[in-house]
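K.L.:
So you can see what is in the structure, the chains are spelled out below.
Protein chains: 2
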Amino acid sequence: MENFTVYNPTKLHFGVGVISNIHQSLKKYGKKALIIYGKGSVKKYGYLDALKKQLNLSKTEYVEYGGIKPNPVIDDVRKAVEVAKNEKIDFIIAIGGGSVIDSAKMINLSYANNIDAWDIMTYREIPKKRVPLITVLTIAATGSEMNGAAVLQNPKTMQKIGYASELNYPDESFLDPSLTLTVPKDQTINGIVDLIAHSLEAFFAYGDAPLSDRFIAQVIIEAMDFAEPLLNNLKNITLRERMMWTATVALNGTLYAGKASSGDWGVHALGHTISMLYDTPHGQTLSIMYPAWLKHFKSKIPERIAKLGKLITANKNTNEDQTIEIIENFFKKIGAPTRLQDINLTENHKKQILELLIKNKVSGMNFSLDEKDYEKILNFAMQ
Amino acid sequence: MENFTVYNPTKLHFGVGVISNIHQSLKKYGKKALIIYGKGSVKKYGYLDALKKQLNLSKTEYVEYGGIKPNPVIDDVRKAVEVAKNEKIDFIIAIGGGSVIDSAKMINLSYANNIDAWDIMTYREIPKKRVPLITVLTIAATGSEMNGAAVLQNPKTMQKIGYASELNYPDESFLDPSLTLTVPKDQTINGIVDLIAHSLEAFFAYGDAPLSDRFIAQVIIEAMDFAEPLLNNLKNITLRERMMWTATVALNGTLYAGKASSGDWGVHALGHTISMLYDTPHGQTLSIMYPAWLKHFKSKIPERIAKLGKLITANKNTNEDQTIEIIENFFKKIGAPTRLQDINLTENHKKQILELLIKNKVSGMNFSLDEKDYEKILNFAMQ
Numbered sequence: 001m002e003n004f005t006v007y008n009p010t011k012l013h014f015g016v017g018v019i020s021n022i023h024q025s026l027k028k029y030g031k032k033a034l035i036i037y038g039k040g041s042v043k044k045y046g047y048l049d050a051l052k053k054q055l056n057l058s059k060t061e062y063v064e065y066g067g068i069k070p071n072p073v074i075d076d077v078r079k080a081v082e083v084a085k086n087e088k089i090d091f092i093i094a095i096g097g098g099s100v101i102d103s104a105k106m107i108n109l110s111y112a113n114n115i116d117a118w119d120i121m122t123y124r125e126i127p128k129k130r131v132p133l134i135t136v137l138t139i140a141a142t143g144s145e146m147n148g149a150a151v152l153q154n155p156k157t158m159q160k161i162g163y164a165s166e167l168n169y170p171d172e173s174f175l176d177p178s179l180t181l182t183v184p185k186d187q188t189i190n191g192i193v194d195l196i197a198h199s200l201e202a203f204f205a206y207g208d209a210p211l212s213d214r215f216i217a218q219v220i221i222e223a224m225d226f227a228e229p230l231l232n233n234l235k236n237i238t239l240r241e242r243m244m245w246t247a248t249v250a251l252n253g254t255l256y257a258g259k260a261s262s263g264d265w266g267v268h269a270l271g272h273t274i275s276m277l278y279d280t281p282h283g284q285t286l287s288i289m290y291p292a293w294l295k296h297f298k299s300k301i302p303e304r305i306a307k308l309g310k311l312i313t314a315n316k317n318t319n320e321d322q323t324i325e326i327i328e329n330f331f332k333k334i335g336a337p338t339r340l341q342d343i344n345l346t347e348n349h350k351k352q353i354l355e356l357l358i359k360n361k362v363s364g365m366n367f368s369l370d371e372k373d374y375e376k377i378l379n380f381a382m383q
Numbered sequence: 001m002e003n004f005t006v007y008n009p010t011k012l013h014f015g016v017g018v019i020s021n022i023h024q025s026l027k028k029y030g031k032k033a034l035i036i037y038g039k040g041s042v043k044k045y046g047y048l049d050a051l052k053k054q055l056n057l058s059k060t061e062y063v064e065y066g067g068i069k070p071n072p073v074i075d076d077v078r079k080a081v082e083v084a085k086n087e088k089i090d091f092i093i094a095i096g097g098g099s100v101i102d103s104a105k106m107i108n109l110s111y112a113n114n115i116d117a118w119d120i121m122t123y124r125e126i127p128k129k130r131v132p133l134i135t136v137l138t139i140a141a142t143g144s145e146m147n148g149a150a151v152l153q154n155p156k157t158m159q160k161i162g163y164a165s166e167l168n169y170p171d172e173s174f175l176d177p178s179l180t181l182t183v184p185k186d187q188t189i190n191g192i193v194d195l196i197a198h199s200l201e202a203f204f205a206y207g208d209a210p211l212s213d214r215f216i217a218q219v220i221i222e223a224m225d226f227a228e229p230l231l232n233n234l235k236n237i238t239l240r241e242r243m244m245w246t247a248t249v250a251l252n253g254t255l256y257a258g259k260a261s262s263g264d265w266g267v268h269a270l271g272h273t274i275s276m277l278y279d280t281p282h283g284q285t286l287s288i289m290y291p292a293w294l295k296h297f298k299s300k301i302p303e304r305i306a307k308l309g310k311l312i313t314a315n316k317n318t319n320e321d322q323t324i325e326i327i328e329n330f331f332k333k334i335g336a337p338t339r340l341q342d343i344n345l346t347e348n349h350k351k352q353i354l355e356l357l358i359k360n361k362v363s364g365m366n367f368s369l370d371e372k373d374y375e376k377i378l379n380f381a382m383q
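Protein chains in written order, with my numbering: chain A, 1 to 383; chain B, 1 to 383.
Please keep in mind that the hints were generated in silico from the structure rather than gathered at the bench. Take these hints with a grain of salt, some might be off.
Stated by the list, open to error - DMTMM-like mimics (lysine to aspartate or glutamate), calculated; alpha carbons at most 25 Å apart, straight line:
#: 1; chain 1: B; residue 1: Lys11; chain 2: A; residue 2: Asp208
#: 2; chain 1: B; residue 1: Lys235; chain 2: B; residue 2: Asp225
#: 3; chain 1: A; residue 1: Lys310; chain 2: B; residue 2: Asp225
#: 4; chain 1: A; residue 1: Lys316; chain 2: B; residue 2: Glu228
Okay, chain A solo, but in the shape it has when bound (with noise of 0.2 Å):
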């Protein structure tokens, strides 16, 4: 096992009806709170109203900043951060999926430090500080809940990067799993495809970890599990609480245990340049590039891919390509896409996407990536 330290501050309260209780525990965070939320599904479900409700109750001003968009933009962060700013808030509220939250932490460095956005998540500046920070989840998915992590895309840089501090971890997080009954089932897919996404890059971090390895393979056996029963009744309370659960565990340091603290991420770096350029969703950029670039390094890794089916099928005798297979017909069966095509990408777009990896040296912290690699893993995406 690797060194490791666990720190996760978050206070998480998870079950139907907790949204009711936020109420109770504004007071301590201050008089003024900043609501972040995105593109209207908040407002069209009454999730907002809901919310808002709850900030009148413990007699909380607010200010809010809508329109945070699904691959969140460093636009709207310093926008965000001006109303802040201007408005002098106390704490931060962020109401909706991981885009929301992701940009809500970002405006809370920098409104908290006087920094821009972008200089902290390029670690031109370090920030010291921060402002309280609650987020209500509507859709399960990324794990920014219970995280320091955040994503966002710089259209005028052309990236889409990652940063994570101990300072972005929500304080309190209330995950009501009723609230995510209206997720259409496009989303529903994403969020399953990128929690199993999470896993794999847990499952490939550097170190030899059993205990986390033998959890990593039990959320993606969960996630198997509640997945068709889920995407045939979106309606199902149980099974969303399943999937909300799972998402969480994926990505708040359960599975990283004995690990070095970072995943691998390269298969999120490439998915995140096809996001950039065409605006794909991440999720469909996961179920895609992962199964390639499994089939990439299936030569150079064999054991430790066939190790996770081992686990994940509990038979010693699964091996590399079965490894694979399951794991790709796993996403077809959910109405994932897993090639290129699937997504109306053509050999024209591989070309603009090989120049964007190369342009931004995309690589995993655990297996590099260069040119060659990119090249070979966007020929089995398109295979």
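Starting from the known structure of chain A, arrange chain B on it as the hints suggest.
P.N.:
Below, chain B without anything else, positioned relative to chain A:
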């Protein structure tokens, strides 16, 4: 799933050598520490000296209270509180196993709130404050290093009881597996039994939580995987690492998501009664009482018990009898007692145990126990 809250503020540092980093953390906790330790092994093996070196490096003053017993008693807690008061200490460092850390937790609450520790444990007084608590673990078993629980016995009232509070989470815990290389075989066996029993208490908590159940089974499988190799090679650091982390996970909240926040703890309560009477090591009471409890509850909750076996074996056909056999045979295989006779207790002792169980109205949180249950369970424990 049941509604639940996840909150574990302990910062845990794991790995060979982390003991040398303690001095970096100490400054922020104050000028003067109270060191709590046990009956001598931390002195014998130089761990206490290594800790004092860290205190010297950070120029932290300290006083000490040693002699905490393996089944820790309230008297030692009271005496240590006097030392804390006289010396006006700022924070507490516990170095040892679960009994030392549990004692330190109650010393902390008693000292910080100026309330007798037993009044806290019996809920006659509610503590509101704490001083910082640092732990240095030298025996893997109880999980106390990353939870809010403490167990103490009071020989005057003939009770051995547990107490849990958010105030009890250590601020920082240092888990250096190299400090566990000197744990003797019998204590290592007891630790393995204890961590499996903790997983089982979580499994039998109220509530249907599929991912937590999967994780519980994996903790048991992992223990079954490292136990024999470790017991045959007590100086193997890789196996010690696996045991140390697995014991922490078994009781740091990871296994409780979606369940009632308390496990069942009926078997622990039965075991505590035996420890109270005969000073029997905690682990030995569990390897005897868990199979007996399972046999008694087999007819009442066959499916629940069978589910555990199905998850452990990854075989849908495993039934409740086979499940109990798996647990009991494992305890036997690693040399843990599974009958009262194995620790030289006779029919007369059984009567004494029964009397004390009745007097203290011992029960579980999820599965209640009465006089008839005690008798039947004790019969299984002697069969």
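K.L.:
So, for every hint listed, does it hold in this structure?
P.N.:
Tested hints:
For the suggested pair B:Lys11 and A:Asp208, the alpha carbons sit about 22 Å apart, so the restraint of at most 25 Å is met. For the hint linking B:Lys235 to B:Asp225, the alpha-carbon distance of about 17 Å falls within 25 Å, and the restraint holds. At most 25 Å may separate the alpha-carbon atoms for a hinted pair to count; A:Lys310 and B:Asp225 meet this at roughly 15 Å. Among the hinted pairs, A:Lys316 with B:Glu228 is consistent with the structure: their alpha-carbon atoms are about 20 Å apart, no more than 25 Å.
In terms of the numbered hints stated before, the structure departs from none.
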